[in-house]
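Asker: Numbering (the UniProt record's numbering), first residue to last: 1 to 246.
Keep in mind that a hint or two might mislead.
[Said to hold, decoys possible] Per label pair, the in silico range of CB-to-CB distance:
1) Pro5 <-> Gly65: 40 to 46 Å
2) Pro11 <-> Lys67: 48 to 54 Å
3) Ala199 <-> Leu60: 36 to 42 Å
4) Gly65 <-> Met1: 45 to 51 Å
5) Pro13 <-> Glu167: 19 to 25 Å
6) Gly195 <-> Arg10: 24 to 30 Å
7) Arg10 <-> Leu45: 30 to 36 Å
Hint data in this document are derived by calculation from the structure and do not stem from the laboratory.
From the three backbone atoms N, C-alpha and C, an ideal C-beta is built for every residue, glycine too.
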Amino acid sequence: MLSHPAEKYRPYPPIALPDRRWPDRQISHAPRWLSTDLRDGNQALAEPMDSARKLQFWDLLLECGFKEIEVAFPSASQTDFNFVRQLIDEQRIPEDVTIQVLTQARDPLILRTFEALRGARRATVHLYNATAPLFRELVFGMDKAEVIALATRATRLIRQQCEQQPETRWQYEYSPETFCFTEPEFALEICEAVGGCLAALRRATDDRQSAGDGGSQHPQRLCRSDRVFLPPLLPPRRGLHQRAPA
């Protein structure tokens, strides 16, 4: 046992932002709120909620007035997958409510996620991959460039899947997992890489539509994942999550 265990932790690097203005600002209108209670770690519990309990919780969240609800990790368990399908197939999602799901940056998991979401009116896909040195070097055996490539490749696949389901109004979120143990400059670099990748994909879609290359069949609904949310570098979410107004 270490005699001074606190010494094994490195202090976080200070970030000089002398021109910051947000502490003096006031919130003048309601922010967007997302409930993560249904999903957050449920699939990892010793006794996770079954579909009946999740449905009861879902109804309660609707009664509370939530318009964005993270409902499942559909590629992580059959229960979560079935719950998403139940909400969609039984038309339990109000027209003004957006469901959100979580996926890791692995092709089979992404495809499984979109299989669960087929037929949804509004959906947000949240992609994440670990970015901290410990995960890069020991878990994945990747350097920084390879970790960025993993995130951007997954982003392209998600965009492709969105385009194949134009009946859904899509939103896309990306977050660097373990960012609190990640070098700040690399956390920013990978977020900017994902944002740049999505912007390039959007331009390519616009070019296809302008050229009439088959993309004009759904010119206004082809894919709504052009709004990428790159969340502030905050600790992992639990329960209620506040978003900045879009």
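Asker: The structure should be examined with respect to each hint, and the outcome stated for every one.
Answerer: Hint check:
| no. | hint | result |
| --- | --- | --- |
| 1 | Pro5 <-> Gly65: 40 to 46 Å | holds (45 Å) |
| 2 | Pro11 <-> Lys67: 48 to 54 Å | violated (40 Å) |
| 3 | Ala199 <-> Leu60: 36 to 42 Å | holds (38 Å) |
| 4 | Gly65 <-> Met1: 45 to 51 Å | holds (50 Å) |
| 5 | Pro13 <-> Glu167: 19 to 25 Å | violated (46 Å) |
| 6 | Gly195 <-> Arg10: 24 to 30 Å | holds (28 Å) |
| 7 | Arg10 <-> Leu45: 30 to 36 Å | holds (32 Å) |
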